[in-house]
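There are 2 protein chains.
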Amino acid sequence: MKKLINAPENVVREALEGIALAHADSVRVSLDPFYIARKDAPKKGKVAVVSGGGSGHEPMQGGYVGFGGLDAACPGHVFTSPTPDQMFEASKAVNGGAGVLHLFANYTGDIMNFDVSEELLREEKIEVARVLSDDDVAVQNSLYTTGRRGVALTILLDKLVGAAAEAGMNLAQVKAFGDSIRATGRSMGMALTSCTIPHVGKPIFELGDNEMEVGIGVHGEPGRQRLPIASADEVTEMLMEPVIADLPYKSGENVILFVNGMGATPLIELYIIYRKAAEIAAKHGLKVVRNLVGNYFTSLDMAGMSVTLLRADDAVVKMWDAPINTAALRWGI
Amino acid sequence: MKKLINAPENVVREALEGIALAHADSVRVSLDPFYIARKDAPKKGKVAVVSGGGSGHEPMQGGYVGFGGLDAACPGHVFTSPTPDQMFEASKAVNGGAGVLHLFANYTGDIMNFDVSEELLREEKIEVARVLSDDDVAVQNSLYTTGRRGVALTILLDKLVGAAAEAGMNLAQVKAFGDSIRATGRSMGMALTSCTIPHVGKPIFELGDNEMEVGIGVHGEPGRQRLPIASADEVTEMLMEPVIADLPYKSGENVILFVNGMGATPLIELYIIYRKAAEIAAKHGLKVVRNLVGNYFTSLDMAGMSVTLLRADDAVVKMWDAPINTAALRWGI
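These protein sequence lines are chains A and B, in that order.
First residue of the first sequence? That's -12 in our numbering, and the numbers climb one at a time after it.
First residue of the second sequence? That's -12 in our numbering, and the numbers climb one at a time after it.
A couple of the hints might just be wrong.
If chains are identical, the list can't say which one is meant, so a pair holds when it fits in one copy or spans any two.
[To be verified] No more than 27 angstroms apart at the CA atoms, straight line, and that leaves these computed lysine-lysine pairs for DSSO-like:
1) K305 / K26
2) K112 / K274
3) K26 / K274
4) K189 / K31
5) K79 / K270
6) K274 / K237
7) K305 / K237
8) K(-11) / K189
These aren't lab readings, by the way, just hints derived from the structure by calculation.
From just these sequences and the hints, can you work out the full model?
Here it is in structure tokens:
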């Protein structure tokens, strides 16, 4: 295993210590239990947006905490759900009296732990609602999910729901806005290589030298097909067509197009993918009004990428353009 | 070779087409010859800052073009210097009458080609000056250089010199400011793995399963030592101590600390490195007043990282905090 770490069991804690040092201007970090909170939280009267999920998907979770983004994020161990006490303590710490919105991806372990945390919060008379992401069209049920997996749409939710809470929407409104994004966003991904979890020490699955997995999950879950490697244009088509067909996105619609890298795929390749994805969107009559290209929801050192589409009505565009000041997304400040 | 590309000979052109589509709000792209320019250039009376270098180091070159950054950037083919006509045409296109500053890293091929472009510009009565980066303390001369290699300090130069030109400094002032950054910035890098150039199709060098190269160049040039893999803390010390000793940085000084990923190293590991680098800086009495952590000057799919220190006087901090609106760095807008 080739990794720049000390002991595998300390990876998450030491990374959090690094985040605390690097981003002391915008966040504070709790090491017991693990969470990252906005420095200025709680904000009285503002809905607090709290996410949680496994580590290994950097810049998630902490990269989206800050003004116009998340109020707190709870990183689990690598590819492992955070525990209920993380979400409970983080939610209590950032609750400004207007309730807490939990934002997370649809995995069975995460749901169980968020369930418990929400029961505990309600016992403390803290109002709580949730928005799930389940945008992956590759498979209907999966290794760790009932229903679709939540993948890169999670990032767009962090940005947009964060902006909605910042704009002063109440808990019901923020939840409704988040649910509308969930309902109109779709993704699909692929991988050229596996990835290595620090405490496992070897690749979590095997892919042949000339193979790729189309429809893969962000933890290496099986996808739709294992195929010989194809060209960037062909691969992009294999992802974009099912994504467009699934909702379906219809000619004349405005969309946000997001090309996400899984970690080890160079940005030069992601722009080659974006070129073809934009061409396919245009061929279907979709108007790409905003976009994002880069490594925003990774799977450690996996080479691969995903494409995400989201319907972009005026409310979505307005919230997309609103200022954000986090480690991973920062504009308009 | 596992890459998301079409034909190796089209990689740079197709990536530029993707950049043109993704960032049409801030840049325009020339495909003959290759360059990326600010959409609003030329700006009358403003020094135009133009960089150039090989592709494969994304988000360089295009990621730093825009308001508060570069006026234009010239990407060569992967790990290959851009040609003189690229810098000549890009410089002419963005020249606003106040002269052009060329910004590039110290490699023999780049110097030869920038030399020719500058002769051509002077024949057209366009004033031109240059600032080099040669911040790599690992080796005195190298495979492709006389003198030190230019590495990650290039990114800090793009930001700071771009801000100085935006603030209205004249050509001599911008050059003097750039040279002061060159004089007070130092870097050193390491790699866990090699990387693969698309048209070569196999790793450009070999590293054993348990080996790392300390002091490596961004094109895989040999470093100081090939050693068994060590812990993140030990590796960070192997880079930070020579960097601090080289200038040397002295107790009580303010610095910018930059931990840069080579491409395939997950951000979670870069934060573990940052944690130790900040600790070592503090041990030497250095005050880290600003920082940057992420993949800002990559070597395709290489796993590895570098650390950079830059003296941060008031002028540097002011230019660092100035607004920037580029694909890779964006704040204050």
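Name the hints, by number, that the structure is in violation of. When the structure is compared with the hints, numbers 2, 4 and 5 turn out to be violated.
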